[in-house]
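Take the sequences, apply the hints, and build the full model.
Here's the letter readout for the chains.
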Amino acid sequence: MPGCVGVLALQGAFREHIASLERLRVPTREVRGLKDMDGVDALVIPGGESTTMGKLLTDWEMLGPVRARIEAGMPVYGSCAGLILLCREIENSSQPRLGVLDAVVRRNAFGRQVDSFETMLDLPVLARPGEDNPPFPAVFIRAPVIVGVGPQVEVLAEVDGQAVAVRQGHVLATSFHPELTADSRLHRYFLEMCA
Amino acid sequence: MEQGTLRLKTGLAEMLKGGVIMDVTTPEQAKIAEEAGACAVMALERVPADIRAAGGVARMADPTIVKKIMEVVSIPVMAKARIGHFVEARILEALGVDYIDESEVLTPADDRYHIDKRDFTVPFVCGCRNLGEALRRIAEGAAMIRTKGEPGTGNVVEAVRHCRQVMDEIRFLCALPEAEVANYAKEIGAPLEICLMVRKEGRLPVVNFAAGGIATPADAALMMHLGCDGVFVGSGIFKSGDPAKRAKSIVQAVTNYKDFALLAEISRDLGEPMVGIEISSIPEAQRMQERGW
Chain A
1 MPGCVGVLAL
11 QGAFREHIAS
21 LERLRVPTRE
31 VRGLKDMDGV
41 DALVIPGGES
51 TTMGKLLTDW
61 EMLGPVRARI
71 EAGMPVYGSC
81 AGLILLCREI
91 ENSSQPRLGV
101 LDAVVRRNAF
111 GRQVDSFETM
121 LDLPVLARPG
131 EDNPPFPAVF
141 IRAPVIVGVG
151 PQVEVLAEVD
161 GQAVAVRQGH
171 VLATSFHPEL
181 TADSRLHRYF
191 LEMCA
Chain B
1 MEQGTLRLKT
11 GLAEMLKGGV
21 IMDVTTPEQA
31 KIAEEAGACA
41 VMALERVPAD
51 IRAAGGVARM
61 ADPTIVKKIM
71 EVVSIPVMAK
81 ARIGHFVEAR
91 ILEALGVDYI
101 DESEVLTPAD
111 DRYHIDKRDF
121 TVPFVCGCRN
131 LGEALRRIAE
141 GAAMIRTKGE
151 PGTGNVVEAV
161 RHCRQVMDEI
171 RFLCALPEAE
181 VANYAKEIGA
191 PLEICLMVRK
201 EGRLPVVNFA
211 AGGIATPADA
221 ALMMHLGCDG
231 VFVGSGIFKS
241 GDPAKRAKSI
251 VQAVTNYKDF
261 ALLAEISRDL
271 GEPMVGIEIS
281 SIPEAQRMQE
291 RGW
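Residue numbers (this note's numbering), protein chains in the order written: chain A, 1 to 195; chain B, 1 to 293.
No lab work stands behind these hints, which were simulated from the structure alone.
Idealized CB from N, CA, C, for every residue including glycine.
Each hint should be verified, as a subset may be incorrect.
[Unchecked claim] Now the in silico label distances, taken between C-beta atoms and shown as ranges:
| # | chain 1 | residue 1 | chain 2 | residue 2 | range |
| --- | --- | --- | --- | --- | --- |
| 1 | B | A54 | A | G148 | 25 to 31 Å |
| 2 | A | S93 | B | T26 | 49 to 55 Å |
| 3 | B | K68 | A | P135 | 39 to 45 Å |
| 4 | B | G189 | A | G73 | 24 to 30 Å |
| 5 | A | P27 | B | E35 | 34 to 40 Å |
| 6 | A | D160 | B | E35 | 30 to 36 Å |
| 7 | A | G64 | B | A285 | 26 to 32 Å |
| 8 | B | D242 | A | A195 | 48 to 54 Å |
| 9 | A | P27 | B | R287 | 32 to 38 Å |
| 10 | A | P65 | B | A54 | 48 to 54 Å |
| 11 | B | E193 | A | V155 | 38 to 44 Å |
| 12 | B | T121 | A | G161 | 57 to 63 Å |
| 13 | A | G111 | B | E272 | 19 to 25 Å |
| 14 | B | R118 | A | D122 | 29 to 35 Å |
[Unchecked claim] With the C-beta cut set under 8 Å, the calculated list includes, among others, these residues of chain A facing chain B:
| # | residue |
| --- | --- |
| 15 | L10 |
| 16 | Q11 |
| 17 | G12 |
| 18 | E16 |
| 19 | G48 |
| 20 | Q113 |
| 21 | V114 |
| 22 | T119 |
| 23 | D122 |
| 24 | R128 |
Structure, rendered in structure tokens:
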């Protein structure tokens with residue numbers, strides 16, 4: 001387990017990610033600036049508005065240093081807006097990004113808020129010996145999908161044939177929001193990735 | 001697959017936390033807001049300061065304006081319906097707006113009832129001045145709450161008063177012996193079940209933003225210190241001298257509200273703020289905060 005998981009706290013649902021991680025008894029820290037990254041072993045980028053977060057990462061000159069940390073092996077998990085910020089390419093957008101995930105993302109892929117949905121999602125990677133692995137309650141809010149992946153990227157789950165959970169080595173990303181549910185299995189999976 | 005659930009409605013508000021929602025009246029303003037880092041925009045025909053100046057009956061914006069703004073930005077777009085006007089709300093839902101503000105800035109359409117927001121797919125945000133009002137709106141299905149403040153004044157005092165009032169009443173409710181909770185619920189006109197939820201969590205069950213009079217980065221940071229989850233800025237941006245710069249500074253202030261050296265830096269050279277109005281100079285009958293029941 002990592003010593004301390006940083007949660008990017010510039011904007012969005014960082015409180016919920018912190019609560020999810022605390023349920024798993026892992027120390028967390030809100031990351032609002034570069035100085036907060038000292039002593040952080042892994043990073044979670046929450047849902048929120050990707051353009052707002054990208055703008056603030058740029059304003060506080062965090063984009064390059066955080067990217068360098070991830071490229072040097074720091075595990076990272078992004079949900080929704082976090083996924084968008086991790087992707088190499090964002091369809092029809094030049095907004096700032098970390099670009100460490102070899103994938104192409106489409107923002108608001110299911111439509112507007114009235115098209116947001118909840119569904120039960122099969123996530124075979126969450127299976128543990130001696131445990132049931134029921135479908136995961138997946139909350140999609142103005143969610144993105146991944147429309148193209150590089151050879152290193154493993155697709156963990158799909159909706160209508162489109163990737164909504166992917167992993168590339170120490171980079172994990174989901175279109176949906178496990179932090180809005182009481183189900184800790186995805187956060188546990190991320191912490192295991194950090195080991 | 002399920003749509004329009006409470007979790008999806010409150011969940012979008014959770015995603016807006018720590019952000020700034022800006023009033024815009026044109027696609028150009030919407031682009032400026034998005035580029036400044038707004039987490040959402042409110043599409044309007046006129047900002048509250050102009051509604052106040054114009055007088056008469058203020059209604060839902062022309063759908064053309066709302067649609068044009070939806071086309072140019074990728075962030076969520078909100079729009080206002082009159083209090084109780086569920087048909088305006090249905091029209092905005094049909095347009096595909098991401099959030100509806102059942103707002104006292106517009107002239108109320110019903111003098112007794114707010115919209116029953118529960119069977120809409122689109123989520124609603126509503127204003128409040130105290131805990132009872134907040135919890136009545138939540139009972140009707142609001143998925144997000146904001147202070148009313150006094151819109152269009154550039155004067156933060158009413159937003160501060162409403163925010164402190166809600167926070168004080170939450171603390172009071174949490175400290176009450178359990179046997180007195182039902183009577184307190186009756187006194188503030190709030191459903192008992194929601195009072196019990198607030199007591200259990202020590203906070204409102206939905207996200208709570210500040211609104212109504214925020215004009216500077218310092219105003220925005222003040223509201224964050226008082227416990228708000230984010231801010232709405234109405235007239236404060238596009239009624240000021242340099243909207244792009246002021247918008248960006250307010251976004252930065254909300255994220256870094258505890259960093260006073262940084263606030264000093266980003267508060268510099270913002271140009272003319274909007275002209276403010278002293279609340280006591282507004283006759284009570286013309287105060288927008290008095291609208292809503």
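- Violations among the numbered hints, reported as their numbers in ascending order: As far as the earlier hints go, 1, 2, 4, 7, 9, 12, 13, 23 and 24 are violated by this structure, in ascending order.
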